Each structure stands twice: as C-alpha cells, then as structure tokens.
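Chemist: For the protein sequence lines, the chains are A and B, in the order given.
Per my numbering, the very first residue in the first sequence carries number 1; after that it's consecutive.
Per my numbering, the very first residue in the second sequence carries number 1001; after that it's consecutive.
Hints are all accurate, no fakes.
Distance condition first, Cα-Cα at most 27 Å in a straight line; then the derived BS3-like pairs of lysine-lysine:
{"no.": "1", "chain 1": "A", "residue 1": "492", "chain 2": "A", "residue 2": "480"}
{"no.": "2", "chain 1": "B", "residue 1": "1104", "chain 2": "B", "residue 2": "1047"}
{"no.": "3", "chain 1": "A", "residue 1": "492", "chain 2": "A", "residue 2": "407"}
{"no.": "4", "chain 1": "A", "residue 1": "17", "chain 2": "B", "residue 2": "1148"}
{"no.": "5", "chain 1": "A", "residue 1": "17", "chain 2": "B", "residue 2": "1150"}
{"no.": "6", "chain 1": "A", "residue 1": "358", "chain 2": "B", "residue 2": "1047"}
{"no.": "7", "chain 1": "B", "residue 1": "1104", "chain 2": "B", "residue 2": "1213"}
{"no.": "8", "chain 1": "A", "residue 1": "294", "chain 2": "A", "residue 2": "358"}
{"no.": "9", "chain 1": "A", "residue 1": "407", "chain 2": "A", "residue 2": "358"}
Computed spacing ranges between beta-carbons, pair by pair:
{"no.": "10", "chain 1": "B", "residue 1": "1099", "chain 2": "A", "residue 2": "5", "range": "37 to 45 Å"}
{"no.": "11", "chain 1": "B", "residue 1": "1152", "chain 2": "A", "residue 2": "529", "range": "31 to 39 Å"}
{"no.": "12", "chain 1": "A", "residue 1": "522", "chain 2": "B", "residue 2": "1086", "range": "46 to 54 Å"}
Everything labelled a hint here was simulated from the structure, so no lab data went into it.
As the structure is a prediction and not an experimental result, all values here were calculated from the model.
Where is the CB? At the ideal position from N, CA and C, for every residue including glycine.
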Amino acid sequence: MVDLWPRVEPLLARVQKPARYIGCEDGVFRHGWGSQRTKWLLIYPDTYEVGMPNQGLQILYEILNERDDALAERAFTPWADMAAQMRSRSVPLFSLESHAPADSFDVIGFGLSAELVYTNVLECLDLAGLPLRSAQRDESHPLVIGGGHCCFNPEPIADFFDAFVIGDGEEALGALNETVGAFGRSRGSRAALLRELCRLPGVYVPSLYEPVYEGSRLVGTFPIESGVPDVVEKLTVADLGEWPYPSRRIVPLTEVVHDRLNVEVFRGCTRGCRFCQAGMITRPVRERPIEQVKEMIAGGLRDTGYDEVALTSLSSADYSSIEEAVEHIVSSGAQTGRVAASLPSLRVDAFTVDLAAKIQEVRRTGLTFAPEAGSWRMRRVINKLISEDDLFAAVGSAFSQGWRRMKLYFLMGLPTETLEDTEAIVEMAAKAARVGRELGVRGASVTASVGGFVPKAHTPFQWFGQDTVESLWARIDTLKGAARRLPGVQIKFHDPRASLAEGLASRGDRRMGEVIEAVWRDGGTFQEWSECFDVQRWISKTEAAGLSVENLVHRERDDSEVFAWDHISAGLHKDFLWQDYQDSLTEAVVEDCRWTPCYDCGVCTDLSLEHVVASGVAPAGGSQGTGQVLPPVVTRRQNSDISPNALQVAVAD
Amino acid sequence: MIVRLRFSKQGKVAWISHRDVARCFDRAIRRSRIELEYSQGFSPRPKISFGLALPTGAQSVAEYLDFSVAAGFDFVVSELARTLSSKLPSGIEVVAAEIPDDQKTSLQALTTCCDWRYHISDLPESALMSGVEKFLLASSVVVPRTRKGKEGVADIRPGVFSLEVDQSSNDDGSLVLRARLATLENGVRPIELLCALGLDPLSASLARLAQYKGDASNPLEILSIAPDYLAPLVNV
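Okay, chain B solo, but in the shape it has when bound:
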C-alpha cells in the first residue's frame, strides 16, 4: 500500500542534495521500523519514490514522497508520520501524510505546478518591478536550456502561471518575488525565470511553498499541511 508524505526542508540541511534526502528517508524509515515492500532482483531495494527534485540549497515546506508499505504491516498513518519525523535530521519534518485514493499515479505525473518564492538581494525594487512587468506583457520569453547534453532554447512564458513582487517589507532589505511555475510539458525551472529577468542566480535564495495537482486554472495542493504540524515551520 502506498503512503504519501509531505515534508519540509529548512535551515542548514537545505544544502544536501535530492539524492541525500532520499538516503535520509531510507535510514529514517528503517529506524522507525516501518516495513517496506522490496524490489525484486539481484540487489533488492525498498520501494520509495520521490516527487520533483528540489534544487540543492533551496528551502521548502512542500516536498513529497511515496513509499510502499509491506503487506501485513499494521500502522496508523498519523502515528507513522510522527515517528518518522522524529528520526529525520533536524530541518526535515513530516508535515502531512495520507494513503492516497489513487494508488497508481506517481507524484511526478500528478504534479502540475509549484509555488516558488525568491529572496533577491542587491537590487533596487524599481528594477525588479519593471522587469516583472515587461515579462508579464511578453507573449514569449526564450531562455537557453540544456537537455540531455544538447544546448538549445525554450520559451518559458507559457509555463509561468503567475509572477508578482511581494510588497510587504522584509527585515534584511531583500526583495521578495513569488511565482507559480508549471511542471510537466511546459515545465519551467526556477533558475530559468531568474535568467529571463536578467538576475544573477547567486544573488537569490529560493524556497518552494506548494506543489499542486489538477488543472492549472484550478489547482489543488497535493496535501495540505496538517494543523498540528504548523508549529515547526519557520521563516516561510
């Protein structure tokens, strides 16, 4: 049976890679004594599958994974999530869990778009505002893209569903940019948006705030954060 988790990745641990996160879960699941289904073959591995990879260094409150619990393993979803959370490194926290009704569709196939937040330093607000306005008025914005080792270009405009500068003041003087970016066929990488706005990726810090399923005109969060998990979320 598939169990789906939503988790956060915040603080120093944001600097571990997607692959490292997978290894952390692998070990935490073992320490929680959750019995998983194993793959067949020469080197059997537990069945765990992750959603869309988060760029290393980005913070997130909306990461996802599915794992397949062994037949006959008895559990309560909320307790399982709580135990697992206690065995994960500090900064990685399970914030919601459920047994999805649709046991077939993978996370990667399910997700249609994500909300991103950028903190941008060393830039006047007016420059960012005008860049965003120009972007939104354009019908096509072409950026370089490398796919399977081949250098090419891609039009990211259709995949940027929303883009706005957050006017609320920020303590450290940085500007806040929010964007909803498509995954799947029109998928836009968060760094490509910065590139299109002419910004240095090294001057921005990134956070993923939500992942959605369903039609882009009416998206639904894959899992809402459980009310009792709100406490540990900081800095978002």
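In isolation and in its complexed conformation, chain A is listed as follows:
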C-alpha cells in the first residue's frame, strides 16, 4: 500500500481548512492492508465537514470494519483549492485513514443523500484517476457502488455507477462483500461480477437494464437479459434494535455541521406528508427500543465528550418514548458534565411544554418547527395536518420556557398554491412572533425559512409540474412585501435557481448523465454551495444534450406517465400514489397509519413488514390520530379489505 501522506502534507499550507485532509481522529479503524480483507473506500461527495456527520456513512463504516474479511476507510471531495493542488502535483484522491490512493481499494461506495452532489461524484472519480463511466472500467478498477436516498431514482447517474444498493444498507453489506471478495480471489471478469451482483436483494446494476424510448418519451427500463430482475425492491431493516450502530464514534478534530452526538431513534415515518420523499421511501416506522437509545447515548457521550445529543429521525418528537429519552440526556450530565438535548426535526403538534422545559434545563438548543405551508387549505393539500392551534401551542411552549427566537420551515411552489397561500406563510410567522410578545418575551422573533418545492420520485407529487424560477421569485417578492408590513418576522429563502437544478437531477432519466458530466467538465463542482453554483451551466448543458428543461422539470405528468424509476420499488403502489395525488387536489387527507387503520400504500403488505414502536401508546399531543380534534377535514376512505393496522403494530422489547 502506498502512503501518500508525504506528498499530501506539503500541499496543506496552500489550502483552506487543511484539517479536512488529515484523518487521525479518535475512533477510526486501522486494519493491516496485507490481510485478505476486501477494501472499501466510503466517500461522501461533499466536504469533510458536511459529510462526516452523515449517519449512513458512519454505520456502514463500522459494520464493514467489524468484519474480519473487510476493511473500510473514508474520503470526501477535496475543495477546489485542494483539487487544484492535487492535480498540479499528480496526487490522486486518497483515504483519510491510511492516505492510500483511491484506486488501491476494491470497492468505492458513495453515499448519495442530495442530488446536487452528483458532479462531486465525478470529481472524486476523476481525482482517483478512474474512468468516469462504468462501461469504461474493468477488473483493474475498483467497483463503484452508490447508496442513500437518491438511489430511488438512480437513472441520472446510472452510467457512472457499477451498482446501487436500494434502501437500508446494513443487511446488504455481507453478501456484497463476500461476492466481491470471491471474485477478486478467483480473478473473475467484471461482467460476470455484475451479473452475480444483480441477483442480490436490493442491488441494482444499471448496465444490465436498458431504457427504451419512443421519440423523446420513455416507455420503460427493461433488463437486457434473462436472470436480471424486472424490478429491484428496496431493502428494509425490519428491526432497528438489531443494528445498534454507530457504536464506535469517530470524533472529528475540526468543526463539522451538526457537531454533536447523533442518535437515531427511529427510521421511517407514516405521517404521510405528500411532498416528503424520505417519509415515503423509508416506510414503515421502526423505532429503536428505548433501552438501546439510552445505551447509545451513554456510550456515545463516554467515548466522545460531546456536550449535545441530537435525537435524529424524520420527526423526533413522534418517538413514543421521547420524553424518557430527553430526560436521560439532560440527567446524564452527572457523569460527563452538562449535556444539552436537541431535536433537529420537529413536528409542532408533538412539542409540549414538558418537552420544552426538559430541553431548556441545560441549554436552549436551536428550535425549528416545520409547518411547511402557511394556510390550512395548503396543509391539507400536502397532508401536513398541523392546526394553527397546535403550532401556536408549541411556539408558546418554547417562548414560555425562555426561547426568544425560533425558525419555521416552509415550502413554496406546492400543488394548487396561490399567492394568498404563499402570503399566509408570513402571516403565520407573524402570529407566532405575536404569541411570544403576548407572553412578555422582548424581541421575540420568528424566521420563516422558505424553500422552493422540488417533486421527488416515489411520492404522490411525482406527477406534479415543478414551479418555475420566475414564479418562485414572484412568491419571494410576495413574502418580502408581507414581511415588511408585519413585525417580528425575518424571511430566509433558498435560491429558486438551485431548486431548478435539483429538479433536473431528481426526476431526470438516464439521458441526464451527459448533462451532469458536462456541468462537471465546465467546473461545476460543489453545486450545493451558493458560491460555486451557476444555474446557466445546468440550463445550457441540458439544452446542448437535446433535452428540455420544461419537459423534465415543469411538465405536469398524467397517469400514463412512465417514470425513469418505475423499475425501482420502495414498496409503494403507483396507483396508491396517484390516488393520493388526486386526493390532494381535492384537499382530502390521510391519517397516520401507525395509530389508524391501514390504507394499503403497499409497503407493509408487499414487503411483509410492520411498524415497530417502542410503546404501544401514541405520544401525547399531536393532531393525527392521536386523540386531538382536527378542524373539519375530508378523510379518505380506508381499504376495508385490510385489517386495521393497530393490530399489526409490534411493540419493540
């Protein structure tokens, strides 16, 4: 193994944040390279400080390194200054543990959790000295695998990857590692390896599928030979309690985003928010047993010395033992010094005075609530069933416990959204600020953070024509105008042009690969960073490829639409999603199926799964099926053929 450190170190005085490139953190694994281990390089395709907190990366890193037939090291995308230095001195992409060249690994695994990082994947492959496209690589190159939420529409980047793992990765690693290891020892061909891999559950090998077009219209993506499955179904860890990872924490030596101990309390969400891809593709809900959560908190604090613990999930206040978990955090200070609790994603209907009181005992961590839309009509459309009473009760809880500012997160450009609906965002934020003033909080302020909605694969809104950049700017003008009239409100918004690029990469098909490569070749790396982003690159490269932005992003699809991801299954029935979209347009809602009868989305029934909750009782507070009275709504009729899901709820021990 070549140690590149002597060639890397002289570059460090010439770049910003050199700590990104040194490794040597506590908690890393250093296995001997001489061993018969299959060598994995796990890459998060953004900077070190953005990628390190990624839970998926840390979980897979530990599971691989615990095996006696694997080793895993990490890499991130070098910032432009470092990339330039590396190219000028012919230093290839390297791992942080051994500073080993990327091409000396057997497998390179990319974690893909945001579409705008796709050009960084190409940057990494190029810095590694590898051909960009799977078709140009052979047995002499590492196998390039992708995982993460973006893989639910892998087509825009299909040409660059040898395989994708769809869904939870924990249980896929063993078979993948053994298959790759066996082929390495027997010197089997790359083509034969890919054929073997496509038979593993949850593994999608794009080169064994061909998209078929009529004119410019996709009519389907089909296997090119027999033995290749027609549809690849996602993998789901049925019981999170069997996977208490990460248990050995890597503690970054330099500041990273979300710099705290993150403990995942559950996976999946059944609130049914129609815009939310994460909620749709990670069903059903699988809670971690409270005792295990406590052990992970105690062990994590002991190993890291962090002073803040975040309970992570898609909606942490929904965790059925949330108060017990928060209590455990704030009382654990007796052993390790003061420890604050934070809940990074909060539904307002489950945030109570008790919870606020517990959190503030140590430190008032930042509070962000996500009502997502300003008007009740709009929230029915997106099925985010939070009443104004819920919101103001939650906001009041926080202000009464000493918080002076909070953030509300909203989407704009949603289906059927009028300018009145957009304006209601500011009205809601202003009323929230007034709640604070009425409670005597001086300088009570509320920031409304507003992002343009990007429709995603496997959601009810996958048929929806995304709002245009012009229309989103008009909505921002409306927001700013209203904010000037109403006190106590700040508006922050996401660049509508970035939403356009995200739209291209989210619902595009395999032809987008050419566009992504062209954007990268033009210098378009780090597209999630505003200082590096240029929408014109995306528009001009899309047009140069003979594709239409209008067609890919803004076109309203009908029920005959064939999607680029129809051969990838999250378990959701397409007709369920279509019906849910139609219901949204009439403002008909669905309830949280954890606590109400099943409406047969397809996931539990097709994949033989069930909800796993730590407690059989719904948490206090909350509008959806939790006993609180909602304003009048039309609820969609449930499927009477399916037994009430309450009977299927398994209680985790």
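Chain A is already provided as a structure; the job is to place chain B on it using the hints.
Modeler: Relative to chain A, chain B alone:
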C-alpha cells in the same frame, strides 16, 4: 482554582486550527470527568483559556492552557494531567501541569517571548547565513503588517531577541533556523521573520519549542517539561 497545562502538538494533528484544539480539550476534559467552573449567562460555557495561538500547520512542544476547576472537585494535578492526556487525540500530549501560584495573570499577559525553529528547504546555506547576518546588523527591519483590516508596516527588529542558523546537519537536507521572538508590545509573528529574510513561507516548516515569562534578558520557561513526559516527544 486555575490549573495550568503545557502540551505538545505534533504530527498530522498539527494541521488542526487553534479553535479546533480548544474543542478537543473541551471534550477531553469532559471525558476525563474533570469538573469545571462554568460561565454565567444564557449559554453557560466551561472556563478554559488558551495561551498564544499557534499557526495552523506548526508543530509544538510548548502550548499552554489554563482551566478553572469547580469548587469542591478533588484531584491530584499529576494524575489529572495523565488522564487528560490519554483522552486527547494522538499527537496532542500533556507534558507538564501545575497549579500556578499567581492565579490572576492570564497566559497571554504572562508570556514575553517564544523560541521558534524553522526547517527551510530549497535554499543554499550561504544565502540563509548572509540574510541572517544582514538582519542582525540592521537597527530596524520594516515588514508589512495588517492589523484590524488596515494595511500598515511594523519594525520587527526590536522583537527579534536572537536569531541563528543551526549548523548541525539535517537528514532531509533542509536548513534549520532558530529564533527567539517577542510577544506582547514588540510581538513578532513567526511568518514576518521569514518575510524579512526574503523567504517563501511555503518553503519553511515551523515549530514552537518554548514559551517564556519574565524579563526578556532573563526569561523563564512558563512550565518545564516533566522528566517522565520526555518519552513521547519526537522530531524536535
């Protein structure tokens, strides 16, 4: 009660910033279960204060910090230092510890000068020798200096207490330059000396060897390295 530590920063970890070092200590202190005094206010923080910042990328065997232990916390200084050292990242090592007699004066106010060592590559020895001789003969050496965003100049000659080329041979062929530079009012940044000698800062690697208190004519090391900590120090 204030406890003062001297620590090293060597190897890859030299590339983390001063701020990052502070965060490492914050966590190591918590893992060592040392109870600290907290500041008052909206967001209470433990009371830890560092000495003079070390440039990122420089090695050191003479970094300092003070922290304030909570009233009623029972400890033995040497054991506390040893425990803390075991919880720090590899490359950062506590090499001496004491409870200072003077509990009031901050490290920044206490320190009068530092010893620095430069490894300089790609330069003939004669060029370095003549540059150093010329510097030492000058009564004033002016370099550009930016303070609070304003570009200006500064005379660094009074703050360079000693400067010499180390004649002992070096394995990698680089030249060794040693300097004692003032802190406080005549403070000289190590990079300013290179600039005055007309050297490219990127061609030199830097190490801090000592920090002193007291009169510049008779300086005293703030803390001497404890004899039993000598083992881990390498490459200095």
